[in-house]
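Chemist: Using the hints, position chain Y against chain L.
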Amino acid sequence: MSDAALSPPEVTRELARDHGLTDEEYDWIVDRLDRTPTFVELGIYSVMWSEHCSYKNSLPLLKTLPQEGDQLLVEVGEENAGLVDIGDGLGVAFKIESHNHPSAVEPYEGAATGVGGIHRDIFTMGARPICALNSLRFGSLERPRVRYLFDGVVRGIGDYGNSFGVPTVAGEVYFDDAYEGNPLVNAMSVGVVEKDGIASAAADEPGCPVYIVGSATGRDGIHGATFASEEISEDSEEDRPSVQVGDPFQEKLLLEASLEALKAGVVAGIQDMGAAGITSSSFEMTASSGTGMDLHLDRVPARESGMTPYEIMLSESQERMLIVCKKGREDELQEIYGKWDLEAQKIGEVTDEHRVRCFWHGEVVADLDPSHLAAGEGAPVYERETERPAYLEDTRSFDAADIDDVPPETAADALLNLLAAPNIASKQWVYEQYDTMVRTNTVVGPGPSDAAVVRVKDTEKGLAVKTDCNGRYVYLHPRRGAQIAVAEAARNVVCAGGRPVAITNCLNFGNPYKPDVYWTFSQAIQGMGDACRALDTPVTGGNVSFYNEHPEGAVFPTPTVGMLGIVDDVRASVTAALQNEGDVLFLITPSTWMHRSEIDGTEYLATVHNRTTGDAPHLDLDEEVAVQNAARALIGDGRVQHAHDVSDGGLAVTLAESVIHADGLGADIDLPGADDHRLDGVLFGEAQSRILVSVRPGDADRVHALVPDDAAAHRIGTVTSGGLRIRVGDDTVIDLDREAIQTPYREAVATAMTAEEPADGPTG
Amino acid sequence: MTFGVVVFPGSNCDHDAYHATKHVLEQDARFIWHQEEEVGNVDAVIVPGGFSYGDYLRSGAVAQFSPIMQDVVRFAEDGGLVLGICNGFQILCEAGLLPGTLMRNESLRFTCKHVHLRVENDATPFTQRGQTGDVVQFPVAHGEGRYYADEDVLEELEATDRVVFRYADAGGTVSPAANPNGSVNNIAGIVNEAGNVCGVMPHPERCVEDLLGSDDGRLIFESMIEHRSAVAA
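Which chain is which? The protein sequence lines are L and Y, in order. Everything in the first sequence is counted per this note's numbering, starting at 1 for the first residue and increasing by one. Everything in the second sequence is counted per this note's numbering, starting at 765 for the first residue and increasing by one.
Read the hints as simulated data drawn from the structure, not as lab findings. Ideal placement from N, C-alpha and C gives every residue a C-beta, glycine not left out. Be aware that a few hints might be false.
Which bits of chain Y does chain L cover? Going by a derived footprint, with three or more residues having C-beta under 8 Å, they are [said to hold, decoys possible]:
id, stretch
1, 776-788
2, 816-823
3, 875-881
4, 966-975
In silico SDA-like cross-links for lysine to any residue, where the CA-CA straight-line distance does not exceed 20 Å [unchecked claim]:
id, chain 1, residue 1, chain 2, residue 2
5, L, Lys427, L, Ala740
6, L, Lys339, Y, Glu801
7, Y, Lys877, L, Asp663
Chain L on its own, in the form it takes in the complex (with noise of 0.2 Å):
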């Protein structure tokens, strides 16, 4: 490649087709040019129109989410990450990012570089991040190669992160053979920015001067975006140069000497060098302002000698922005930089004509107008054809009475069977190796809760923060299903003491060109906007991640949220921990229903009897609504010593961590005879909209009065200084001591990991 420059390949539509363009899409450029692209311009056209960065096929339907709200502080699209006022003159800028194919390759960089892009999505904004969230998909880790997965993601979160100096305060890991060969690696920033300070991806002003600052440039990650946009298949493996490699150090200066260059005022806009690298935030920054930029490629530091204009333009070499330079601050600027070390290059300047310019020793290389790159501009978009996936028939043919009922004398078993599963199971094995408290801000961090708590230096307030989706159930169900998603991390941020106030969304799914699965998106997409606008919560951006396909098909649909949620006395946060011996535990559920039948999508049919079919669990959003209220009106009250929401294995599990995670407690739970309801529907259904707490036994009777007519609350039970008994009508069905839960719990993934050492190399 090194003299390409001097004899770049001949621009034909069979390169185009290399490149991951259409026919049609080579066309349009043709003519809208009116002449055959250069080179490099059919790149920069390649990157800017995959679906990482145009999302050609998903905008129509993403528009339909709900997106505003009064305490959103910039529109969505319009910056980096969503924004959201918290008072005290403080903004919030949050968003969650997709890693998957990276990852699928060569999990420690690609899970690394994953953390890395979205710290930075959010410094970007003048936001110092003040905690990371995860959320994980993985095969069964019972395969060696599963295994190797894991371990090389975990670790690359937890040496970026905590190089980087961010706590990882929360996420979710699943284990399903749908994600074999397919995991899914999404990354969540969450940062604060005082409101006067808040940056821009602006190129507002002609004349003045851009530079490139941080790393140099290199030849890692050219078409990232593009490897991206791809299914992954037994080649993939021969991507892995396409893999960037990340250096959380490099990144910690960026962050230290950015957000000290913005409170400078140096800074006329600023955007980070993500996918597509210096052609994506060049593009990006004039198409948004209405300007251009002449870009001089070969100032461009770079890595290597011999790089070409084309590899320069698609690099994605990580711990890089592009900053416009305020006219006459450049000293400053280059000061602030070279005082953290860091190289700050003029490569050019924002100019008046829509034009992005770039110069290779003064030879005009490309010279393309950024609206017809930019996604919602002119970059293509498509509304694919759906039909409803021909698996529905069959696992909506499902009925219960085919399974055996759990009978009283084995539910214990079940029970222990479930707490050691993989998806139940505690995943202290992960949280440990990241650095879970720096900087001092985790009031609850991982483990005995909800949601983490985080508080706001300088204010009373704190954060509760989370992310969410059971895939199983938006595959049986994918509108349901996805409610479910923006449900349940909203009844987790409320369990930990906080109001929800927005998400952000990582929609992870297949190949879009196939119509069963653009069915699932758009189902899924259309059930997150019922949950967002039920609960208040609007989609303040986000991610979409396609072609998640691996040889035997594609993932669950797996449209992750993340929750922001708002804690405004942060000691008064709230823990899934039973608290004190005597305290009485309610369920909170809707007014109409306590107990259900259904086993459809549960754990428990996975785990025990190993099938995932059935509907998604029931969930009524107004239901959903009133059990949280009545929640929030309860732990409002201050009186609420533990909460816990009914999730994943039910309430007998809900129960299970409850005394799981507290210092020496148990709890004797009565509940009423299950008469025409199946006994595995009460203890392992996974019906929505039910929350565990405990209060105080002098409290006990304000509950009832503080619950709001259309949700009830339930005195089931008491804390107690013995292990976990739950009776059902007349039968005790489970009776077990504190050390029989925990060790199932507690052991589980750690003893799969350290089995067999996870066989190291990328073909174990």
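Modeler: Using the frame of chain L, we list chain Y on its own:
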């Protein structure tokens, strides 16, 4: 009392040490940039945790050569109080202010969790507010925290009561199960011969507020403050 908190590129517990001393313990505190040549008018220097210069070579190996570390050595030799936390402990060992070294954790993994420590010597400026045998709870967060020294050094450390903290269980029993990283003799913190330089692998600055789960870390800072006021008086 004035604490100086050294800031290297890659330090990430610098703000935590500053917050703990300035806002929680309500002392004077200031940052000292790694390129400064003098620590200035401070009563104690904190070398904080993090990944100085990225720590890609060996933890603390580059930081020891920074301009400021030359003056920290001078300050220590003049009797000034120096506290190295986590990466700071590694740097003090590399700089020769403390004996031994910190190796990769036995698990070969980063580990972050709350651990218990037994106070082994209450007659140092870093522990004088506690009592020998007290059990405190601090968080650890490190990948390279396994203290190691050769037998002669260990013998001397033990014989002269220079081990100030040891990993223990909640009841104060020192055992392999209570050791998070494989440190020799469960060593979590030591002082130099003169007693004015202390290195600890766990993070006292992360546990000075009840809101964050423990305020046991006050022991170290309050001891330093008490020591300073006794000297000043």
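Chemist: Can you take a look at whether the stretch 776-788 of chain Y is actually covered by chain L? Rule is 3+ residues, C-beta closer than 8 Å.
Modeler: holds (count 6)
Chemist: Below or equal to 20 Å on CA atoms is what counts here, so check lysine 427 of chain L against alanine 740 of chain L.
Modeler: holds, 18 Å
Chemist: Counting residues of the stretch 875-881 of chain Y with a beta carbon closer than 8 Å to any beta carbon of chain L, are there 3 or more?
Modeler: Per the Cβ count (3), the hint holds.
Chemist: For the stretch 816-823 of chain Y, do at least 3 residues have a Cβ located nearer than 8 Å to some Cβ of chain L?
Modeler: holds (count 4)
Chemist: For the pair we were handed, lysine 877 of chain Y and aspartate 663 of chain L, check the Cα-Cα distance against 20 Å.
Modeler: holds, 16 Å
Chemist: Is the hinted pair lysine 339 of chain L and glutamate 801 of chain Y satisfied, with a Cα-Cα distance of at most 20 Å?
Modeler: holds, 15 Å
Chemist: Counting residues of the stretch 966-975 of chain Y that have a beta-carbon nearer than 8 Å to any beta-carbon of chain L, does the count reach 3?
Modeler: holds (count 5)
Of the hints listed earlier, there is not a single one the structure fails to meet.
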